[in-house]
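Residue numbers (numbering that gives the first Met the number 0), protein chains in the order written: chain A, 0 to 396; chain B, 0 to 286.
Since the hints were made in silico from the structure, they are not lab data. Positions of the beta carbon are idealized from the N, C-alpha and C atoms, including for glycine. Any given hint could turn out to be false.
List time: in silico EDC-like cross-link candidates among lysine to aspartate or glutamate, alpha-carbon distance up to 20 Å [unchecked claim]:
1. A:K300 - B:D116
2. A:K204 - B:D234
3. A:K299 - B:D116
4. A:K60 - A:D343
5. A:K284 - A:D343
Going by beta-carbon spacing under 7 Å, a handful of chain B positions derived as facing chain A [claimed, not checked]:
6. A115
7. P137
8. H160
9. A254
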Amino acid sequence: MKNLALACAAMMALLASRVSAAPIELGASVQLTGQFANTGRYYGDAYQFAVEKINAAGGVKVGNTREKLNLKILDNQSDVNLSVRQYVQLVTQDKVNFLLGPFASDFVLADSAIAEKYNVPMIQGGGASDQIFSRGYKYIFGTLPPASDYFDSTLDLMGQLKPPPATLALLYADDAFDVSVADGTRKDASKTKLKIVVDQRYSSKASDFNSILSLIKSQNVDAILVAGHETEVLNFIRQAKTLNVNPKLYSFTVGVPSADFRAALGQDANYAFGMSSWVPSAALKDEYFGNAEQFANEYKKRFGYEPDYHAASAVADVQAFVKAIESANSIDPVKVRDAIAKVDFDSLYGRVRFNSAGQINLPQTVVQVQKGKLVPIYGPKGMLEQPLYPMPEWSKR
Amino acid sequence: MQLLWQILVNGVLLGGLYALMALGLVLVWGVLNIVNLAHGALIMLGAYACYYLFTGLGWDPFAALPVAMVLLFCLGYVIQRYVLNLIIRAPMFNTLLITFGFEVVITYLAQIAFSADFRTINPSYAGANFSFLGATVPLVRLLAFAVALALTLGLWLFLEHTRIGRAIRATAQNLIAARLYGVNPRHLYALTFGIGAALAGAAGTLYGVVSQINPYIGSGLTGKSFAIAIIGGLDKSIYVLAGGLFLGIVEAVTALYIGPTYTDVVSFGILVLVLIVRPTGLLGRTA
Numbered sequence: 000m001k002n003l004a005l006a007c008a009a010m011m012a013l014l015a016s017r018v019s020a021a022p023i024e025l026g027a028s029v030q031l032t033g034q035f036a037n038t039g040r041y042y043g044d045a046y047q048f049a050v051e052k053i054n055a056a057g058g059v060k061v062g063n064t065r066e067k068l069n070l071k072i073l074d075n076q077s078d079v080n081l082s083v084r085q086y087v088q089l090v091t092q093d094k095v096n097f098l099l100g101p102f103a104s105d106f107v108l109a110d111s112a113i114a115e116k117y118n119v120p121m122i123q124g125g126g127a128s129d130q131i132f133s134r135g136y137k138y139i140f141g142t143l144p145p146a147s148d149y150f151d152s153t154l155d156l157m158g159q160l161k162p163p164p165a166t167l168a169l170l171y172a173d174d175a176f177d178v179s180v181a182d183g184t185r186k187d188a189s190k191t192k193l194k195i196v197v198d199q200r201y202s203s204k205a206s207d208f209n210s211i212l213s214l215i216k217s218q219n220v221d222a223i224l225v226a227g228h229e230t231e232v233l234n235f236i237r238q239a240k241t242l243n244v245n246p247k248l249y250s251f252t253v254g255v256p257s258a259d260f261r262a263a264l265g266q267d268a269n270y271a272f273g274m275s276s277w278v279p280s281a282a283l284k285d286e287y288f289g290n291a292e293q294f295a296n297e298y299k300k301r302f303g304y305e306p307d308y309h310a311a312s313a314v315a316d317v318q319a320f321v322k323a324i325e326s327a328n329s330i331d332p333v334k335v336r337d338a339i340a341k342v343d344f345d346s347l348y349g350r351v352r353f354n355s356a357g358q359i360n361l362p363q364t365v366v367q368v369q370k371g372k373l374v375p376i377y378g379p380k381g382m383l384e385q386p387l388y389p390m391p392e393w394s395k396r
Numbered sequence: 000m001q002l003l004w005q006i007l008v009n010g011v012l013l014g015g016l017y018a019l020m021a022l023g024l025v026l027v028w029g030v031l032n033i034v035n036l037a038h039g040a041l042i043m044l045g046a047y048a049c050y051y052l053f054t055g056l057g058w059d060p061f062a063a064l065p066v067a068m069v070l071l072f073c074l075g076y077v078i079q080r081y082v083l084n085l086i087i088r089a090p091m092f093n094t095l096l097i098t099f100g101f102e103v104v105i106t107y108l109a110q111i112a113f114s115a116d117f118r119t120i121n122p123s124y125a126g127a128n129f130s131f132l133g134a135t136v137p138l139v140r141l142l143a144f145a146v147a148l149a150l151t152l153g154l155w156l157f158l159e160h161t162r163i164g165r166a167i168r169a170t171a172q173n174l175i176a177a178r179l180y181g182v183n184p185r186h187l188y189a190l191t192f193g194i195g196a197a198l199a200g201a202a203g204t205l206y207g208v209v210s211q212i213n214p215y216i217g218s219g220l221t222g223k224s225f226a227i228a229i230i231g232g233l234d235k236s237i238y239v240l241a242g243g244l245f246l247g248i249v250e251a252v253t254a255l256y257i258g259p260t261y262t263d264v265v266s267f268g269i270l271v272l273v274l275i276v277r278p279t280g281l282l283g284r285t286a
């Protein structure tokens with residue numbers, strides 16, 4: 000009788016361990032449709048790709064077994080409110096173990112509150128605004144470098160150009176990310192000799208920049224920095240051409256690294272500066288993809304478009320979970336949360352480790368479109384390639 | 000002073016395009032009493048039609064414009080004849096709902112068909128400009144303005160002086176009397192909606208030449224068209240031109256002197272003011 004009870008207990012224990020051996024569920028609500036679908040797809044596709052690769056390599060080691068990852072992606076239709084409801088659903092109904100993030104700071108700001116409320120760690124690669132990490136939340140981690148530093152390397156580069164630009168126009172959209180960028184840029188520019196002569200915030204829905212461009216033209220500004228969205232950047236450049244606005248350089252927080260941007264603008268994309276926290280070079284080794292260059296090639300073959308830093312950042316998010324779960328040797332959310340705070344590994348995206356607020360710190364490499372190609376210009380170690388500066392006037396191209 | 004002059008030129012050119020965007024909406028609203036919430040989506044389809052004619056067949060966008068108009072006319076005719084006509088007697092709320100539904104469906108079909116990539120219609124002369132009394136005038140904006148002006152005047156003449164145009168207006172004024180004179184409202188309604196859609200197609204072509212296209216531009220353009228329709232009034236198509244120009248200039252000046260983040264606040268603020276003070280539009284008859 001005693002033996003039977005023991006056997007039963009052993010059986011129960013075995014069953015219980017079988018239950019916990021179910022795949023590790025990762026959940027995310029991503030912009031697969033709606034106005035942000037163009038960038039949102041990087042996250043949907045890259046999460047999927049990373050999970051497949053990790054599972055193909057055997058999955059995640061927890062204790063003595065290797066668990067597979069299971070990914071659940073919902074489409075938030077580019078609606079912040081819907082994304083919040085979907086994260087609640089992922090946590091309370093679908094009972095996912097961990098959360099991956101959406102694209103864009105406004106979304107992450109809202110969605111991270113769900114992670115915090117339910118104490119489920121979220122690693123996200125889509126929100127860079129400093130606001131996300133200034134609230135003392137413990138369950139949110141980010142793999143995009145701080146928004147306030149986006150133009151740092153660009154300002155450094157400007158100091159080395161001959162002749163250096165003297166006046167600056169700063170334009171930014173009125174959302175969380177772009178306001179953070181502008182605040183940081185204003186602060187950093189005050190340490191240089193640059194004088195900010197135009198400092199304007201515009202509505203995120205704006206499609207007409209003729210008034211600002213006319214103002215910039217009348218002030219004869221040397222350098223224009225724009226923090227906005229890709230649609231606005233496309234309109235801005237097209238309208239700068241039609242109004243014959245000829246600064247010595249202009250740089251944009253988004254758009255420039257993406258192939259789509261160059262395809263839409265054609266020749267007019269040339270000379271535009273931008274930045275990327277990621278350059279797909281073979282020097283960035285990765286456990287699952289070999290290196291960043293191989294990743295970029297495989298990704299393009301698989302999905303039919305080139306990845307940019309959004310995709311690489313998303314892959315790093317999934318990998319950070321794998322590292323944290325393995326080092327915690329558990330899928331307990333609190334233990335994994337503490338392990339995420341301590342991860343430190345090299346990936347195709349770069350070195351992944353988080354500061355005390357939960358954000359990564361990677362340098363932004365300044366990039367420029369030269370003859371239709373994206374060229375890395377200036378990185379933490381200085382000049383990589385000669386920038387084309389000053390930009391030729393539109394009429395002389 | 001120089002800057003103000005430039006801003007006014009920008010505003011007028013923008014206003015012409017705005018007027019064309021709103022023209023189809025106003026026509027359909029005025030005649031059929033349908034506020035077509037899918038109007039912006041039709042503009043978007045017009046832009047894509049031109050984009051594919053331009054990139055696929057190498058047509059000049061201004062040559063593609065009539066083709067886009069014909070395509071959109073056919074689509075609009077079918078939508079009205081076989082869907083909207085069925086509920087034309089229903090309360091306005093029902094037509095609002097169904098056009099809203101069309102907007103959603105068209106937008107998502109567009110994403111499936113065209114992807115969410117951003118597109119531009121970028122002919123070689125897209126960036127050309129010339130100087131006029133010290134102001135820089137973008138060539139394509141001027142062309143777009145000219146086309147918008149021509150189509151607005153054309154529609155006005157059509158409605159005032161042709162048999163079909165008079166029939167359309169007669170139907171809007173008194174359906175029973177119009178029927179007694181042999182007007183077939185089913186066909187006429189579809190014709191009107193088709194013309195509205197064709198105008199949206201033209202607006203889309205021009206929008207694609209001066210701006211960028213993606214499947215989601217529609218709803219914002221519907222909102223803008225709506226504001227222009229209210230400001231100009233629904234009485235005469237020619238008033239739309241005034242509404243468009245007014246809004247274009249106000250936005251341009253606001254962006255410069257108050258700040259570009261406030262253009263929507265000001266334009267929709269004016270919309271509310273007009274609704275309170277002159278509900279029939281700035282130029283419309285007072286009730």
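Hints and how they fare:
This hinted pair checks out: A:K300 and B:D116 have alpha carbons roughly 18 Å apart, not beyond 20 Å. Proposed proximity of A:K204 and B:D234 is contradicted: the alpha carbons are some 30 Å apart, above 20 Å. Proximity of A:K299 to B:D116 is assessed by CA-CA distance (about 15 Å); at most 20 Å being required, the pair is judged to hold. For the suggested pair A:K60 and A:D343, the alpha carbons sit about 17 Å apart, so the restraint of at most 20 Å is met.
Of the supplied pair hints, the one linking A:K284 and A:D343 holds, its CA atoms being roughly 14 Å apart against a limit of 20 Å. Annotation: B:A115 was flagged as interfacial toward chain A, and the flag holds, the nearest CB pair being 4 Å apart, inside 7 Å. Of the supplied interface hints, the one on B:P137 holds, with its beta-carbon coming within about 3 Å of a beta-carbon of chain A, less than 7 Å. Because the smallest distance between the Cβ of B:H160 and any Cβ of chain A comes to about 35 Å, over 7 Å, the interface hint for this residue is violated.
A hinted interface residue such as B:A254 counts as satisfied when its beta carbon comes closer than 7 Å to some beta carbon of chain A; here the least separation is about 4 Å, so the hint holds.
Hints 2, 8 from the earlier list are contradicted by this structure; the remaining hints agree with it.
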